Amino acid sequence: MIANSSPFFICFFCLLTWYAGAQGPVLSGTVRSAQGEPLEGVELMVIGHGWQTRSDAQGRFRLVFGQPGDYTLSTFAEGFLSQQQAFSLSDSGLELHLTLQPFQKELAEVQVRGRRPDGNGIAHLDAVVGTAIYEGKKSEVILLDQLVANKSTGNAREVFGKVAGINVWESDGAGLQLGIGGRGLSPNRTSNFNTRQNGYDIGADALGYPESYYTPPIDALEKIEVGARGGQPAIRHSVWRHAQLCDEARP
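Using this note's numbering, the first residue of the sequence shown is number 1, and each one after it goes up by one.
Don't read these hints as lab results, they were simulated from the structure.
Heads up, some of the hints might be wrong.
Below 16 Å or equal to it, Euclidean Cα-Cα: the simulated EDC-like pairs (lysine to aspartate or glutamate) are [stated by the list, open to error]:
no., residue 1, residue 2
1, K151, E78
2, K105, E78
3, K151, D219
4, K162, D145
5, K105, E95
6, K137, D126
The calculated label-pair distances, taken between Cβ atoms and stated as ranges, are [to be verified]:
no., residue 1, residue 2, range
7, L81, T131, 52 to 58 Å
8, K105, Y200, 50 to 56 Å
9, D145, G41, 49 to 55 Å
10, S152, Q104, 52 to 58 Å
11, G69, E106, 35 to 41 Å
12, R60, S90, 16 to 22 Å
13, T53, Q101, 19 to 25 Å
14, L81, V112, 14 to 20 Å
15, E37, A108, 49 to 55 Å
16, F103, N155, 53 to 59 Å
A quick note: this is a predicted structure, and the numbers were derived from the prediction, not measured.
The beta-carbon is built from N, C-alpha and C at its ideal position, and this holds for glycine as well.
With these hints in hand, go ahead and build the complete structure from the sequences.
Below, the structure is given as structure tokens:
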């Protein structure tokens, strides 16, 4: 029986030897990052032949070639620079150790100037505005273009609703005269505020009769500034797209 099996074993080993030789030379190696960490899933492709493979969790790869020769291996990995490696493959095979560099691009310098609107219609005065110093003082700027309110009716409660500490009276139904007071101050005819329009006092008498005698149309205002200058509250309107309502010190 052993004698009869000998031809079978001889044929088997011949086929195994032929298959091993038919595989051709083998290219193997590893792919690592610049820090020495193995990279998984790196795509390796032989340019001009279409042979390709991917690295495993340990960064190892293996490619079987048809015959020896000169080849170029290209690597692709997300977040890393692609590179090409030329090599000469002999019958005994070759082992390559590749290192991929991270993809980095230095951008040109960008300077951003200005202030991004917060979108809720409220901002704050700068530390210095003209000859006025508002550093360390409470101040708000109502940006009417961003304010969600019925501005055509001149409703002061909606306009000043987001300014903390403001108390609004409605003494008439037409909105012809403001009734605004700060913390602890009476809102009666805005007598405790110095009210200005485009920087000019709109009170009948700034010293003896400081009440404002009319209210600029809200639709004509660009912004309203409410702040304190010289320790006293004031309101300033800016009209015709240049209106502002701010706190100013009385003369």
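Hints versus structure:
1. K151 to E78: violated, 54 Å
2. K105 to E78: holds, 15 Å
3. K151 to D219: Status holds; Cα separation ~6 Å.
4. K162 to D145: holds, 15 Å
5. K105 to E95: violated, 31 Å
6. K137 to D126: holds, 10 Å
7. L81 to T131: 52 to 58 Å: holds, 57 Å
8. K105 to Y200: 50 to 56 Å: holds, 55 Å
9. D145 to G41: 49 to 55 Å: holds, 51 Å
10. S152 to Q104: 52 to 58 Å: At 55 Å between Cβs, range holds.
11. G69 to E106: 35 to 41 Å: Holds - the Cβ-Cβ distance for G69 and E106, about 39 Å, lies within 35 to 41 Å.
12. R60 to S90: 16 to 22 Å: Holds - the Cβ-Cβ distance for R60 and S90, about 21 Å, lies within 16 to 22 Å.
13. T53 to Q101: 19 to 25 Å: holds, 21 Å
14. L81 to V112: 14 to 20 Å: violated, 30 Å
15. E37 to A108: 49 to 55 Å: violated, 31 Å
16. F103 to N155: 53 to 59 Å: About 56 Å separates the Cβ atoms of F103 and N155, which means 53 to 59 Å holds.
Checked against the numbered hints above, the structure violates hints 1, 5, 14, 15; every other hint is satisfied.
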